[in-house]
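Under our numbering, the first residue of the sequence shown carries the number 1, and numbering increases by one thereafter.
Just so you know, these hints were derived from the structure itself, not from any lab.
Values in this document were obtained by computation on a predicted structure and should not be read as measured data.
By construction, the Cβ of each residue, glycine as well, lies at the ideal position given by its N, Cα and C atoms.
Any given hint might turn out to be false.
[As the list claims (entries may be wrong)] Ranges between beta-carbon positions, derived for each pair: (1) 133 - 220: 38 to 46 Å; (2) 70 - 316: 53 to 61 Å; (3) 130 - 198: 37 to 45 Å; (4) 182 - 246: 51 to 59 Å; (5) 316 - 213: 32 to 40 Å.
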Amino acid sequence: MRWSALALVVLLLGSLIPFSMAQDEASNTTAVQQLTLNNATREQIIAEQLINQLTKLSEFTEKRVEPIKDKLPENSTILVHYEKAEEFKEKALEEFNNGDYYNSILDALTAMQHYKIVLRELKEGKEKVERAREWIRAEIERTIQYFRFVEKTIHMAEKEGIDVSNLTMLYNETKQAYKVVLDDIRAKDFEKAREDLQVAKEKKAQLDEELRKVRKKLAYANADKIVKEFLVRTDKGITFAERAIQEAKARGIDTSEAEAKLEEIKSIYEEVKSLAEQKKWKDALTVIIENKPKIDAFFRSLNKIHERFVDEKIKRDVGAFLREMQDRIRKDARALQELKNRGVNTRRSEIELRTAAQELQIGLRLLKERKPALAKEHFGIALRLLYNVEQFILSHS
Numbered sequence: 001m002r003w004s005a006l007a008l009v010v011l012l013l014g015s016l017i018p019f020s021m022a023q024d025e026a027s028n029t030t031a032v033q034q035l036t037l038n039n040a041t042r043e044q045i046i047a048e049q050l051i052n053q054l055t056k057l058s059e060f061t062e063k064r065v066e067p068i069k070d071k072l073p074e075n076s077t078i079l080v081h082y083e084k085a086e087e088f089k090e091k092a093l094e095e096f097n098n099g100d101y102y103n104s105i106l107d108a109l110t111a112m113q114h115y116k117i118v119l120r121e122l123k124e125g126k127e128k129v130e131r132a133r134e135w136i137r138a139e140i141e142r143t144i145q146y147f148r149f150v151e152k153t154i155h156m157a158e159k160e161g162i163d164v165s166n167l168t169m170l171y172n173e174t175k176q177a178y179k180v181v182l183d184d185i186r187a188k189d190f191e192k193a194r195e196d197l198q199v200a201k202e203k204k205a206q207l208d209e210e211l212r213k214v215r216k217k218l219a220y221a222n223a224d225k226i227v228k229e230f231l232v233r234t235d236k237g238i239t240f241a242e243r244a245i246q247e248a249k250a251r252g253i254d255t256s257e258a259e260a261k262l263e264e265i266k267s268i269y270e271e272v273k274s275l276a277e278q279k280k281w282k283d284a285l286t287v288i289i290e291n292k293p294k295i296d297a298f299f300r301s302l303n304k305i306h307e308r309f310v311d312e313k314i315k316r317d318v319g320a321f322l323r324e325m326q327d328r329i330r331k332d333a334r335a336l337q338e339l340k341n342r343g344v345n346t347r348r349s350e351i352e353l354r355t356a357a358q359e360l361q362i363g364l365r366l367l368k369e370r371k372p373a374l375a376k377e378h379f380g381i382a383l384r385l386l387y388n389v390e391q392f393i394l395s396h397s
């Protein structure tokens, strides 16, 4: 079949040449034989080059597949295509040795295609493994932070005379369950790690429930401190929200929804403030707990406003924005030191300023990693904290 096109060309040429121009028949036969020979030689050269490339590709792929072959599931895409590639490679080599260059070319190309699929799958698999490792590292870090939080809660609750025996027991069990998962990962037994992680998560769910109970008892034991903290923080939030709404109105933005939410928060704030003035700390805390979703939503909306301010500043000049923030942090640090020297309690504002500096650094790192959306969130938090610090400085200047 491969010579059908060539034969057709010869026949067409023959039909187009007039009888008077026909040459000696032997001469014509020699020309056709030469053409056939040239094509056969070309096939041999192409087949030889492909076999050489195929051999190199086979060796390259083998080095990457053989070490992990036994760890792959039987129906793995990598194994399926690797076996097909090997099969077509052997076939291509046999055909080449037998002088069947045409079929050797076809089977060599097919084998190479399967090898390329194997290599692509290996690359994608490597990327998945790397992503999984990143997730595991992040999960471990979150778990460590969570356990520290539980330990701190146990320590604080014990000081308040709260029974933490059940919390301590669940904490130890959960910690041990996660240790088993880590041991599985270190042993590279990921299947067992997956099973043990499910057990650890179930333990953690029980721990979460007990932790909430103890935290609630702890909160009521420190109701006065929590209420005072809420009043300070919410007062600053309301002041900032009012200013932001005025700025938005000046730009012609509809602020009716924001104003409605602000009035709702003001109402909660006034109720808590009234109870606090009567020293009804537990009642005031109950109001805060009952309205927690609304309060959280209010502070999230404040962060979004800060993020919009950040977005506008970054769009104008990111370098200028970062310099401005760093300059404000330095000036605020000096101002707080002056207030501290005068005997003013600046501890809260110092913590806020340090946190603002940390958030700025995190945002800067995320910008370098080309994650602008995440960076803006951290810049927004830094901006809000700086605003709080500067309000404190102004009120004591």
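* Please name the hints from earlier in the document that this structure breaks, with their numbers sorted from lowest to highest. => Checked against the structure, the hints that fail are numbers 3, 5, while the rest are satisfied.
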